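Undergrad: Whole structure, please, built from the sequences with the hints as guidance.
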Amino acid sequence: MIEMDRDPIFAEIKEKMSKLGIDGVLFDLDDTLIYTSEIFIRFMEMYAIEVAGKIGVETEELMNALQEINDEEYKSMRVNPKRWEAVVEKLAKHFDRGEKEIVDNLDILINIYSIEPRMRTGVRTMLKILKESGVKMGLVTHANVEWTKYKLDRLGLWNYFDQVIIVDENGHKRADDWKKGMDLLGVIPERCLVVGDSLGGDVRPGDELGARTVYLPSPWSVYRQGGIPTRTVVINEIFELLAALDRLE
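Residue 564 is where the sequence shown starts when you use my numbering, and the numbers rise one by one after that.
Keep in mind that the hints were calculated from the coordinates and are not lab data. Be careful, since some hints might not be right.
Taking lysine-lysine pairs in the DSS-like style, the calculated list, with each CA pair at most 30 Å apart, reads [said to hold, decoys possible]:
(1) K617 x K653
(2) K712 x K638
(3) K694 x K743
(4) K645 x K742
Treat the numbers as computed from the prediction; the structure is a model and nothing was measured.
TA: Pasting the structure below:
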């Protein structure tokens, strides 16, 4: 009975995709399908609480400096976990005190990569509907390779995707990476939908290639910088994606 009730959903999505001329969907992973930023914030706050008292500064002051330096280091070290080594070294210079406490507590930040993230609400149902509707799906994620495999393993996400592209952690995610995903899926840009939380890494590259794009604004300010393409559809939660298909041009 449940399957009979769900069959019309598959047919409806298949029809919508056909009318839109979309053969495949490429997703970003972090903060698009799973909650990642909340893990970073949690351990950055733990680090700030642990270290601030030891070096004689307010927790908020240390947290603000940590966030600012991390944002700056992202520009040169991208998403490589080794970025945190450079961050704490610069943090020690920033405060010009407590170098031992600042550097010795680096392990708190490295714990970010050992935590299983939460799936965003409605993701599994959405992916099942798209898969059962015959839509090709791929993942184009920008992160450390081992960490990405850990997340996909722990959350059981591998089987939803026809292709998984892991972009070099030492570079930026660019249009070429999305084009690689499209090529591997066997779809041309004009018949592809790109879904992500980063304007610079997901949405604008997808739009420049000629794909339709859906933007889920990132919690991280670095990923919200710049303009939103005119054709891009903005959603507040990933479970809104299927309904948002009606707003695509």
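Undergrad: If a hint holds in the structure, say so; if it doesn't, say that too.
TA: Cross-check of the supplied hints:
1. K617 x K653: Satisfied, since the Cα-Cα distance of roughly 17 Å is no more than 30 Å.
2. K712 x K638: Distance of about 24 Å is within 30 Å: holds.
3. K694 x K743: 21 Å, holds
4. K645 x K742: The given pair, whose Cα atoms are some 28 Å apart, holds under the 30 Å limit.
Comparing the model with each numbered hint stated earlier shows that all of them hold.
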